[in-house]
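Given next are the chains, with one letter for each unit.
There are 2 protein chains.
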Amino acid sequence: MPVGTRGTVKGLTPAQVRATGSDIILNNAFHLMLRPTDVRIAELGGVHKFMQWSRPILTDSGGYQAWSMADINTIDENGVIFKSIIDGSKIQMTPERSIEIQNNLGADIIMAFDDCPSSVEPQKQNLTRRRHALTTRDGSMTEAQHKNRLLQSLDRTTRWLERCDDAHQRKDTQSLFGIVQGGIDFDLRARSVEQVCNIDLPGYAIGGVAVGETPEKIAEVVKFTAKLLPEEKPRYLMGVGYERDIVAAVASGIDMFDCVLPTRNGRNAHAFTRKGPLNLRNACYSDDLGVIEDGCTCASCAAGNTRAYLRHLFKSKEMLAGTLLSIHNIHHFQSLMIDIRLAIEDNSWSALPERWPVLAIT
Amino acid sequence: MPVGTRGTVKGLTPAQVRATGSDIILNNAFHLMLRPTDVRIAELGGVHKFMQWSRPILTDSGGYQAWSMADINTIDENGVIFKSIIDGSKIQMTPERSIEIQNNLGADIIMAFDDCPSSVEPQKQNLTRRRHALTTRDGSMTEAQHKNRLLQSLDRTTRWLERCDDAHQRKDTQSLFGIVQGGIDFDLRARSVEQVCNIDLPGYAIGGVAVGETPEKIAEVVKFTAKLLPEEKPRYLMGVGYERDIVAAVASGIDMFDCVLPTRNGRNAHAFTRKGPLNLRNACYSDDLGVIEDGCTCASCAAGNTRAYLRHLFKSKEMLAGTLLSIHNIHHFQSLMIDIRLAIEDNSWSALPERWPVLAIT
Chain A
1485 MPVGTRGTVK GLTPAQVRAT GSDIILNNAF HLMLRPTDVR IAELGGVHKF
1535 MQWSRPILTD SGGYQAWSMA DINTIDENGV IFKSIIDGSK IQMTPERSIE
1585 IQNNLGADII MAFDDCPSSV EPQKQNLTRR RHALTTRDGS MTEAQHKNRL
1635 LQSLDRTTRW LERCDDAHQR KDTQSLFGIV QGGIDFDLRA RSVEQVCNID
1685 LPGYAIGGVA VGETPEKIAE VVKFTAKLLP EEKPRYLMGV GYERDIVAAV
1735 ASGIDMFDCV LPTRNGRNAH AFTRKGPLNL RNACYSDDLG VIEDGCTCAS
1785 CAAGNTRAYL RHLFKSKEML AGTLLSIHNI HHFQSLMIDI RLAIEDNSWS
1835 ALPERWPVLA IT
Chain B
1485 MPVGTRGTVK GLTPAQVRAT GSDIILNNAF HLMLRPTDVR IAELGGVHKF
1535 MQWSRPILTD SGGYQAWSMA DINTIDENGV IFKSIIDGSK IQMTPERSIE
1585 IQNNLGADII MAFDDCPSSV EPQKQNLTRR RHALTTRDGS MTEAQHKNRL
1635 LQSLDRTTRW LERCDDAHQR KDTQSLFGIV QGGIDFDLRA RSVEQVCNID
1685 LPGYAIGGVA VGETPEKIAE VVKFTAKLLP EEKPRYLMGV GYERDIVAAV
1735 ASGIDMFDCV LPTRNGRNAH AFTRKGPLNL RNACYSDDLG VIEDGCTCAS
1785 CAAGNTRAYL RHLFKSKEML AGTLLSIHNI HHFQSLMIDI RLAIEDNSWS
1835 ALPERWPVLA IT
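Protein chains in written order, with our numbering: chain A, 1485 to 1846; chain B, 1485 to 1846.
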């Protein structure tokens, strides 16, 4: 799922998004609640009509964003009170309110509002990540204390999931997914899966990974957790990731992904290719008449846009730079997903790195 | 002609530009000379290939930009020396160099490099415009002195045009247009037409208007000047303009226009409609489920994008806002040109304001 945080995949029309091969996109309830507000979007006919995307949409619950972006005032069993990033006003977010927002937005898949402490130990967090941990601002928490915090968070997440499920008013048209937490601790992940899957829902997600761990650690946690989730329901790994993270996750049983990498990096001249990334700001591309990736069928490459032209657009800070490269990058990941589906059908996993040499890069 | 200053109509793919009904676009020799450089574009196969626009392109000579944007060090009979806006290095621009640049870029129509003093008297200029006048920085020039400056400029422009024509190496594939100057003084305009049209060229342009005059003054000068130009050759009014400026100019004999208004204003939430402009940042559009303009067939309106959505995108500073509105605005002006052509064919000028009420707004 390409990420369309504020009701737009940045710089792309819905037609351009669709042409990358994307079927479903992700919007953020947190951002849309603040502006233009979920109530307004409901009045305007829902988020599909609002942004003219007629295919499926998933909304993130706002939990992660409330934790990672906002100035949090208080957190308790009821929910979170934080300052609006728009006007500084105090906003209360609870499981009930998050579901109300997502009911108003009207996406096809909605996510549970959960407690999101950092899964990485505080000593290993950078300043931004540390903000997630709340009680660990001084970085002095012991491993045991950190595990205890995660344990409390898990149990609270389960109680909040029950409240989300109870509050959900549109079960006929919107599928609520629960989110498994537990950081990189297998015991906690198992405990979370048991609790979360005890509530019968249309799908389950693994949250709290790709927040600073190594690729190996991500793969380990996903491999352990995914197989505990019900096989007959979609399994969604939130916020992941790079090519080999995705391949490893699918091999472990994951069905769905979202990630800002194709678009965020695309706006920053980072081109994904099957052979590995390129930085299109580099001088070596000044006279390069090749397209971003030889043989690529994305709209940017198919139109013949050269690396030299892309470099010029990035150096000139032209909007079209981000648009063209985002198109290429989303298409790159959708092409990877197509090839992964073929590998599943043909049981030809071992042939995948031939077509995707980037998977072999360490 | 939509303006694609740096080899891109800002925020639009060539396919999106083409879908607005545009046949020909304008690039700026000044900007492309500085980055990625005209030599590089020549090596890469020319500006059409560079930006993947296979239809006609016109390049502005760089004269106006050198005068209006750069820190000018010296100006004499040979040309202008100014500081690069990229790295501050000294760059010499002469008629010969301007044509060399435009030969390197390879556009279908290239423009003469001319002397561009302000046509408005210094006392009436704002600070930015005053920079054009060079000798009038203190604003103390009398009307007679100003006219004398314009007279010198005219004669120099003619000498420079001869040098441009002599330097032009690709007359088989590139049409050089001369530029008539003379400000808002009819005597000077007549003198300039006589001198410029004395050189046999494929087309002629009127420069030095729309640099601060009233719409009435623009119409007067254009009406006087256009009828003096050879009827059998294209007459191009540079940098104009609003709807009624264009209609008045066509009625006076003008065939070609370029303007940044559709795109520059489009990026700033200014929507052109047949009934007049809208500012899509205004709160009154928050819940407006109408498209930008009812009945409009541009790609933005045809896709159903609402004013409420556009307002949200502008308030959220989303790239897509400028893209969608630029598409609409360029389409608006191309539709006006289509209706003007019909009015010429049917001699139905008087019916034009019915379909374009904006023409009646004073």
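Any given hint could turn out to be false.
Copies of one chain are not kept apart here, so a pair can be met inside one copy or by any two copies together.
[To be verified] Derived pair list, reagent style DSSO-like, types lysine-lysine, alpha-carbon separation capped at 30 angstroms: (1) K1494 - K1799; (2) K1801 - K1655; (3) K1494 - K1801; (4) K1574 - K1494; (5) K1799 - K1631; (6) K1533 - K1631; (7) K1494 - K1631; (8) K1717 - K1799; (9) K1799 - K1655; (10) K1801 - K1701; (11) K1707 - K1494.
Quick caveat, the hints were computed from the structure, so don't treat them as lab data.
A quick look at each hint next to the structure:
1. K1494 - K1799: So K1494 and K1799 pass the 30 angstroms test inside a copy (19 angstroms) and across (14 angstroms) alike.
2. K1801 - K1655: neither (45 angstroms within a copy, 34 angstroms between copies)
3. K1494 - K1801: both (15 angstroms within a copy, 10 angstroms between copies)
4. K1574 - K1494: Answer is within; shortest intra-copy Cα gap is 28 angstroms, inter-copy 38 angstroms.
5. K1799 - K1631: Close neither inside one copy (46 angstroms) nor across copies (42 angstroms); limit 30 angstroms.
6. K1533 - K1631: neither (44 angstroms within a copy, 59 angstroms between copies)
7. K1494 - K1631: neither (38 angstroms within a copy, 51 angstroms between copies)
8. K1717 - K1799: Classified as neither; 46 angstroms inside a copy, 39 angstroms across copies.
9. K1799 - K1655: neither (49 angstroms within a copy, 32 angstroms between copies)
10. K1801 - K1701: So K1801 and K1701 fail the 30 angstroms test inside a copy (37 angstroms) and across (37 angstroms) alike.
11. K1707 - K1494: Cα proximity of K1707 and K1494: none, with 32 angstroms in one copy and 45 angstroms across.
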